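Participant: In case you want the letters, here they are:
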Amino acid sequence: DVKVTQSSRYLVKRTGEKVFLECVQDMDHENMFWYRQDPGLGLRLIYFSYDVKMKEKGDIPEGYSVSREKKERFSLILESASTNQTSMYLCASRPLARGDPSSYEQYFGPGTRLTVT
Amino acid sequence: AQTVTQSQPEMSVQEAETVTLSCTYDTSESDYYLFWYKQPPSRQMILVIRQEAYKQQNATENRFSVNFQKAAKSFSLKISDSQLGDAAMYFCAYRPMYSGGGADGLTFGKGTHLIIQP
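From first to last, the protein sequence lines stand for chains A and B.
Counting from -3, one number per residue, gives the positions in the first sequence under the working numbering.
Counting from 2, one number per residue, gives the positions in the second sequence under the working numbering.
Hints were generated in silico from the structure; no laboratory data involved.
Just so we're clear, the structure is a prediction, and the values are computed from it rather than from any experiment.
Built from N, CA and C at the ideal position, the CB exists for glycine as well.
It is possible that part of the hints are untrue.
As the list claims (entries may be wrong) - Estimated spans, in silico, between C-beta atoms of each pair: (1) P10/B / I56/A: 14 to 24 angstroms; (2) P41/B / E18/A: 22 to 32 angstroms; (3) R64/B / E18/A: 31 to 41 angstroms; (4) P35/A / E16/B: 22 to 32 angstroms; (5) D96/A / Q3/B: 13 to 23 angstroms; (6) T6/B / E68/A: 28 to 38 angstroms; (7) E18/A / S43/B: 13 to 23 angstroms; (8) D96/A / P41/B: 23 to 33 angstroms; (9) Q15/B / E65/A: 49 to 59 angstroms; (10) S76/A / P41/B: 29 to 39 angstroms; (11) D27/B / E58/A: 21 to 31 angstroms; (12) K67/A / E16/B: 35 to 45 angstroms.
Let's have the full structure, built from the sequences with the hints guiding it.
Facilitator: Below, the structure is given as structure tokens:
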């Protein structure tokens, strides 16, 4: 089974702190994603990465950055946390698209509920 | 830009009954994938079912089936014989088959909270 793990289930940080959210997948997937989930808004894509050291902005990248130094690990960074970044953060991964429809399935981690006070 | 709309924020069904969750989407693409994901309380999101737009036959996975109407851009999920374990948030998601960069994410609806009444 694919396993996507996130470093923390719950995190409380203060405004202005630098925050690191870590995600690790064990299936050698090329693609990794960070989403933000808010009630009534669904999931929104923050950033994604299709290879080591490669990254692309998603729909809501403002206030966030990412790092992918190793294939299995994708980090989301809040340079200076703000209260409007209080949310649930979900990491996901999937393999390189091979034309096989099943390769488009994304596998999700358990999420990190971040509270910024 | 593609959009996915789930018009039912919450649905309730009696155990063992059938429930249908609705989803509509807007796209100018002709080839794409549609997904239903389930997010149980405090648990990981998992894929329930997938539909390829080029397939006319509706996808089915055990008690879960879809009604895919391409012309109407509608993709509803039917859950038969509802069980307590089906209680969760359900998200409809879309992805074009061909996309620039090759790795962009899914476009999700806002979700439907499904309650199963015992």
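Participant: Now look at each hint and say whether the structure bears it out.
Facilitator: Taking the hints in turn, this is what the structure says about them:
A C-beta distance of roughly 21 angstroms is found between P10/B and I56/A, which places it inside the suggested range of 14 to 24 angstroms. Here the CB-CB span from P41/B to E18/A is close to 23 angstroms, well matched to the stated 22 to 32 angstroms. Checked against the hint of 31 to 41 angstroms, the C-beta distance between R64/B and E18/A comes to roughly 36 angstroms, which is consistent with it. In this structure, P35/A and E16/B meet the distance hint of 22 to 32 angstroms, their C-beta atoms being roughly 26 angstroms apart.
Checked against the hint of 13 to 23 angstroms, the pair D96/A and Q3/B passes, with Cβ atoms roughly 22 angstroms apart. About 35 angstroms separates the C-beta atoms of T6/B and E68/A, a value consistent with the hinted range of 28 to 38 angstroms. The hinted window of 13 to 23 angstroms between E18/A and S43/B holds, with their beta carbons roughly 20 angstroms apart. Taking 23 to 33 angstroms as the suggested C-beta distance range, the pair D96/A and P41/B conforms, at roughly 27 angstroms.
Between Q15/B and E65/A the beta carbons are some 51 angstroms apart, a value that agrees with the proposed interval 49 to 59 angstroms. In this structure the supplied range 29 to 39 angstroms holds for S76/A paired with P41/B, their Cβ-Cβ distance being about 34 angstroms. The hint said 21 to 31 angstroms for the Cβ distance between D27/B and E58/A, and at roughly 25 angstroms that hint holds. The supplied range of 35 to 45 angstroms is met by K67/A and E16/B, whose beta-carbon atoms lie about 44 angstroms from each other.
Hint compliance for this structure: no hint is broken.
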